[in-house]
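Engineer: Chain A is fixed; fit chains B and C onto it per the hints.
Listed below, chain by chain, are the residues.
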Amino acid sequence: MQRMFMRRVGLALLLMLAATALTFWLVTAAPGNVAALIAERAAGAGADGEMIAKIADDLGLNDPLPVRYARWLGDALTGDFGVSLRTGKPMAEEFAERIPMTLALLAGGGVLALVLSLAMGIAGAASNGGIVDRVLHGLALVGASTPNFFFAAMLVIVFSVWLGMVPTFGVAGLTSWLLPWITIALFPASVLARVVRVNMQDTMSRPFATTGFAKGLTRSAVLLREALPNIAIPYMTTFGAQFTLMIIGAIVVERVFGLNGVGAFFIEAIRFRDFIGMQAILTLFVVFFVSINLLVDLLAMLADPRLRRPRKA
Amino acid sequence: MSRHSQNGPIYEVEGLVIDLYTPTVSVRAVDGAGFYVAPGETLAIVGESGSGKTVMTLGPLGLLPEGVAVDLRGTARADGKDILSMSPTDLSRLRGGFFGVIFQDPMSALNPMLKIGPQLAEQARRFAGLSAEEAKKEAVSLLARSGIPDPEDRYDRYPHELSGGMLQRAMIALALAARPRVLIADEPTTALDATVQAQILALIRQIQKEDGIAVILITHDIGAVSVLADRVAVLYAGQVAEEGSAIDVLTAPVHPYTRGLLASVPDFRSNNATGTKEIPGIPPNQAQLEPGCRFADRCELVQPQCRTHRPPLVKVGAGPVPHRVACPVVMAAEGIVTHD
Amino acid sequence: MKNWPWAILAPAVIFVLIGIFSPWIMTHDPAAQDYGALLQGPSGAHWLGTDYLGRDMFSRIIGGARTSLVAMAFVLMAALAIGVVIGSFAGYVGGKTELVLISVIDIALALPSLVIALALMGVFAGENFSWMSDYWKMIVALTLAWWANYARMSRAVVVAELQQPYIEAARVMGASHIWIFTRHILPHVLGLVVVYASADAGALVLAIATLSFLGLGVAPPTPEWGQMLVDGMSYIEENPALVIIPGLALTAVVVSFNLLGEAFALQKVPRAVRGRFLARKKAARAAEEAARKEVEA
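Chains A, B and C, in that order, give the protein sequences.
Going by our numbering, 38 is the number at position 38 of the first sequence; the sequence numbering is gapless.
Going by our numbering, 299 is the number at position 299 of the second sequence; the sequence numbering is gapless.
Going by our numbering, 244 is the number at position 244 of the third sequence; the sequence numbering is gapless.
Next comes chain A alone, as it looks inside the complex (with noise of 0.2 Å):
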């Protein structure tokens, strides 16, 4: 198994870099002129040619790209990302900044999510086609659909504007992080909670579990001990890949409730074409991704005892 395991980690280095690769080769393709835009950052409308020219030698924007992205990936393993071209500041500053503020989003959403999903899960199963389960199925298909922004508009029309509860914007506190987190583990919780029942449902109907039943367990002991431990991979592997996909809603969280994490950042290197600052943070993503679903993988592999004890004899 370990040679598995090296393998995994191989091929996630070597997806990392491809990823990488081609993000920067759009990056950099795109824009048509980065030294033009620095010499105008710079100097207003007076840049003249001269002085994009000598922009473009000093930042090596006229080696080829292979080189280019060398010389950028050289940088990035020692931790420099180059400089904002929007804020200006080193991009390994606004990530010092900003990725606190991200991961905590993340972090608090994983835990709601993964809470909320086996609470409600298993208590469907439970109920098993009563009414508990029928509403917690509608619950979890609405949950599933709202978008994330709107769910988050409600939740402070609900509780800021009409309640006062909490405030709209900011985080000040344990309680104003409550409406960004719900908002983040909304969709994950809802999901997850649909591959808890439904793989409950789907493994109870199985012998062992009648074998269970004979075992002289009542209900909840064989939903419990039995059952739950058969759909630890496939929610293991539904929850790494709900965890990346997070972060999109830690971009339209920390955008609605005005957070600085890197997710705002992201949105403000796009619309301000900010390129460095955007393959510095798509660099980000990609290692996250490629690292979680690493992680993943890999517990997956620890967690089925058919791969951890190969069959003998």
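Derived from the structure by calculation, the hints contain no laboratory data.
Just to be clear, a hint being listed does not mean it is correct.
[Claimed, not checked] Restricting the straight-line Cα-Cα distance to at most 16 Å, the calculated cross-link-like pairs of lysine to aspartate or glutamate (EDC-like) are:
1) B:Lys81 x B:Glu12
2) B:Lys137 x B:Glu152
3) B:Lys209 x B:Asp193
4) C:Lys293 x B:Glu290
5) B:Lys115 x A:Glu50
6) C:Lys282 x B:Asp71
7) B:Lys137 x B:Asp153
8) C:Lys281 x B:Asp71
9) B:Lys115 x B:Asp153
10) B:Lys137 x B:Asp150
11) B:Lys115 x B:Asp156
12) B:Lys315 x B:Glu334
A quick note: this is a predicted structure, and the numbers were derived from the prediction, not measured.
Structural biologist: Then chains B and C, alone, in the frame of chain A:
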């Protein structure tokens, strides 16, 4: 060969009618059937696939798969107590501690995510009242008793690490861990190789002799019946066609279906040159409710009344073990008299 | 599929119909501003009220349905076409080509679709792409972000089908590659892909709305629900309807598509049967028996 305890049957079921419903299918799996088994004896319930053997035996215990709605009517008693009116908690305890069940395909009947040994130990703890340590020792000794070599090692294994035969033995051990009084074996050998089949059957017989428990063997394998059974009940399309001692039913069957069934089994020892004979036709569609005898469409002796009047199960012969048959036609034809 | 509640398709069907017939359903020009009637509630003249520029909300919602529908249809068809072609080709040809294509697909799947779309919108912001309108930038970005999943699916189906014995039989009989592919394999591919796409449609509508919400999708005055919502955020205290109405419309349409997808996916999972189901069946059975007894008597 059979021993009737003075206290009477330990698991008995009467007048059972079981309807099964899914969103696409409605079936009357059991249509007024019943059986009983006494301590220390082995009852074989025989029939084709779909005859209702499993539903009839496991249905009263609530051990039918989820996803199917069950409507069950009749009476069922275990150790004299009415199980159909028991609370779910009591019924759970009964299922675990009083009954031990062995299912058909051990590879799918055991949870792939759980180790084997701890499951046995837990049964011993919960139902036999052993401490954690004692339970583990008991589990290991059960595995050994079931013929599993190197039981301490096997204790920590997962199902996929054992072969089919070993797994079935493990399941037998699991069924016995709670020290049950009734062992139900649902087609225990169907999924196994021929040589292993014989070993498993021998194991069951040995356990019965040593522990004096009642055994219900659900099977369509007549060979297994002849090896293990004290009494036999023959089921067709949810109705009991014939029941009695193994000797009576296997050597002197009365019901046309039983006769047909036995005639269709190859017998290597006989010098009979006619070979085997199959029963024409196919089993009836149990989604339709028909009055009368379910075997009517395939029976050589069918009469008009067979299709309108349900043949009653009546006692024939005067032996110590009641021999009952549900076919007035054959009885009339052969001058067999009822001893009711 | 027999016991399907066909009613669940209603919002999706309505969405498509409204989208197609929108010019005839609208009561006003969705872009027409009327400073005399700002932020009004529902009335006889304006069935769903007006927005902050006096535009009729009802017509804007109807118009938004068309915008979303057209955009979604474009993207879906393009992504399907590209994905199925690339994926099927990879699966059928095999060898090094397949390896290369698989790598491309994996890279394209290394990020969630919406993030790719956002990044592409950023790329398209550059001068080299200024010839594209914002709308087409969005369509292309989403298409490029969406095709990879279908490619992966198509390839998987093609690989699985190629292993079937009947393919070998067809080859022996002298069928050409094109024939084998179009006649035998493509139907399987399309079967799976279309099912997935029907549920994916909802995700795509959401993606379009999200892009517009972030200011990177459809631009005003073209009505689009996500964009109407972001505009309405500024007036959330005065008239929350500007936010609520497009939001509800989005939710309803996506719910419907999701139900469609779920109905397909759940065909193999046994349904929970309980209480009322059993009671109904018992009653039916009892009625059957009673009817039979009457006939006999």
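Engineer: Taking the numbered hints from earlier one at a time, note which ones the structure violates and give those numbers from smallest to largest.
Structural biologist: 3, 5
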